Amino acid sequence: MSAPLTIHCTIGASAGRRVLLGFAPAKLLHSLSFADILNEDTKTGYQRRFNSQHSLDFRRYIRQSDASTIPLTLNLRPSDTAWRLVETGQDQVRLEIDAAAGKVMAQVDCQHRLGHLNDVDISLPFMCFLGLTVREEMEVFNTINSKAKGLSTSLLDFHDAHLAGDLANDRPELFIALHLNNDTESPWCRQLDLGGKSTSGMSRRASLRTMQKAIRRFLNATRILKTRSPESAALVVMAFWKAVLEVLPDQWSNPRKHILNKGVGVYALMDIAADLYNEAKGPNDVDRGYFVNMLADFGLHVDWSSTGHLKGLGGEGGVRKAVDYIRDVRKRTHLKVVSNG
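When you number the sequence shown by numbering that gives the first Met the number 0, it's gap-free, plus one each residue, and the end is 340.
Calculated directly from the structure, the hints in this document are not laboratory data. This one's a predicted model, so the numbers in the text were calculated from it and none came from an experiment. Watch out, some of these pointers could steer you wrong.
Claimed, not checked - Capping the alpha-carbon separation at 27 Å, the derived lysine-lysine pairs in DSSO-like fashion look like this: (1) 42 with 102; (2) 261 with 320; (3) 212 with 256; (4) 212 with 261; (5) 42 with 225; (6) 310 with 212; (7) 212 with 42; (8) 310 with 256; (9) 320 with 256; (10) 280 with 225; (11) 261 with 241; (12) 280 with 330.
As the list claims (entries may be wrong) - Distance ranges between label pairs, derived from CB positions: (13) 17 with 68: 18 to 26 Å; (14) 225 with 16: 41 to 49 Å; (15) 68 with 102: 18 to 26 Å; (16) 9 with 165: 35 to 43 Å; (17) 68 with 327: 50 to 58 Å; (18) 60 with 1: 29 to 37 Å; (19) 95 with 62: 28 to 36 Å; (20) 68 with 225: 47 to 55 Å; (21) 16 with 261: 41 to 49 Å; (22) 120 with 319: 50 to 58 Å.
For each residue, glycine too, the CB sits at the ideal point set by N, CA and C.
Model the full structure from these sequences, guided by the hints.
This is the structure in structure tokens:
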């Protein structure tokens with residue numbers, strides 16, 4: 000039977016949680032740890048997608064003679080057999096890890112620093128939590144990275160959704176956006192980029208953050224939550240997007256050449272959805288059929304291409320121009336129908 004791997008550490012506390020502080024060769028820490036990357040298909044994990052270039056940059060840097068880094072943040076996942084602590088006195092402990100246990104430490108905040116160091120002997124400092132659950136790890140990761148440059152805001156939103164006590168009422172726009180992404184009947188099913196990895200790959204069209212911000216515009220413009228539940232509002236929003244797909248199937252299925260399900264198009268269409276909702280005679284009149292009939296009157300007259308009227312539009316100003324253009328097309332189409340009638 001192989002002897003356990005040992006690392007000598009100091010045991011103490013980081014605020015209210017017990018932690019180990021220590022030093023170990025980078026390649027040893029690499030061999031004992033893993034990044035729990037969010038799998039958007041199974042909804043397991045919580046880390047961002049691995050950026051190989053980012054990790055290679057750190058590999059080049061840390062091998063320089065004057066390089067250094069802040070401690071890596073790890074967590075020993077709960078286990079009765081994979082690891083144990085042996086006290087050696089004066090707040091010193093020996094961490095013993097079963098040689099056959101494999102990767103027992105989760106990389107809470109260090110996946111890009113350790114990613115390409117599997118063959119590097121350089122000593123690195125680390126802080127390791129003891130026995131955090133995956134949910135607790137996610138909370139720590141979220142706190143550390145909430146202001147991190149380059150971290151996907153959609154990934155942080157996904158974390159918030161899992162950590163929220165009452166998502167529908169606390170953040171209805173996020174609740175509705177996730178409903179669009181998760182419901183198998185939704186045109187957006189598994190189309191939103193959550194910041195993790197997915198077999199959907201290049202078929203994803205907009206980010207979770209973009210969709211929820213667009214939905215917030217719809218909620219504010221309609222004040223629908225004054226009279227209807229978040230669940231009911233989610234059904235209205237999904238009915239609208241089903242209608243978009245039905246009326247504009249070619250534009251929807253070719254996002255490389257059209258903008259209606261990318262960025263400015265998502266924002267603009269949610270504003271148009273608010274117009275249509277507010278014009279309805281009553282809430283019971285607003286369903287997929289209603290939106291189909293309304294969109295059919297003007298939708299095909301709008302140039303949704305990425306090379307036409309909406310070319311190059313971005314930001315809040317771009318959204319305003321897009322909405323004004325669509326509203327103008329709708330108005331002119333309506334006047335033409337009236338004059339011909």
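These are the hints, each one checked on the structure:
Proposed proximity of residue 42 and residue 102 is supported: the alpha carbons are some 21 Å apart, at most 27 Å. For the hint linking residue 261 to residue 320, the alpha-carbon distance of about 15 Å falls within 27 Å, and the restraint holds. As the CA atoms of residue 212 and residue 256 are separated by approximately 23 Å, the hinted pair is consistent with the 27 Å bound. Between residue 212 and residue 261 the alpha-carbon distance is near 13 Å, which keeps this suggested pair within the 27 Å criterion.
Restraint check: the Cα-Cα separation between residue 42 and residue 225 comes to about 32 Å, which exceeds 27 Å; the hinted pair is violated. As the CA atoms of residue 310 and residue 212 are separated by approximately 21 Å, the hinted pair is consistent with the 27 Å bound. Annotation: proposed proximity of residue 212 to residue 42 holds, straight-line Cα distance about 22 Å (limit 27 Å). For the given pair, residue 310 sits about 10 Å from residue 256 by alpha-carbon distance, which is consistent with the 27 Å threshold.
Using a Cα cut-off of 27 Å, the hinted pair residue 320 and residue 256 holds, with the two alpha carbons roughly 19 Å apart. Our distance criterion of 27 Å between C-alpha atoms is met by residue 280 and residue 225, whose separation comes to about 17 Å. Distance hint between residue 261 and residue 241 is fulfilled; the C-alpha atoms sit about 16 Å from each other, no more than 27 Å. Between the alpha carbons of residue 280 and residue 330 the distance comes to roughly 19 Å, so the proposed pair stays at or under 27 Å and holds.
For the hinted restraint 18 to 26 Å between residue 17 and residue 68, the CB-CB distance of approximately 23 Å keeps it satisfied. Here the CB-CB span from residue 225 to residue 16 is close to 42 Å, well matched to the stated 41 to 49 Å. For the hinted restraint 18 to 26 Å between residue 68 and residue 102, the CB-CB distance of approximately 21 Å keeps it satisfied. As the Cβ distance of residue 9 to residue 165 is approximately 41 Å, the hint placing it in 35 to 43 Å holds.
Look at residue 68 against residue 327: about 55 Å separates their beta carbons, and that is inside 50 to 58 Å. Against the hinted window of 29 to 37 Å, the Cβ-Cβ separation of residue 60 and residue 1 comes to about 34 Å, which satisfies the hint. Between residue 95 and residue 62 the CB atoms are about 30 Å apart, so this pair conforms to the stated range of 28 to 36 Å. In this structure the supplied range 47 to 55 Å holds for residue 68 paired with residue 225, their Cβ-Cβ distance being about 51 Å.
For residue 16 and residue 261, the Cβ-Cβ distance of about 42 Å falls inside the hinted range of 41 to 49 Å, so the restraint holds. Restraint check, residue 120 to residue 319: a C-beta distance of roughly 57 Å satisfies the suggested window 50 to 58 Å.
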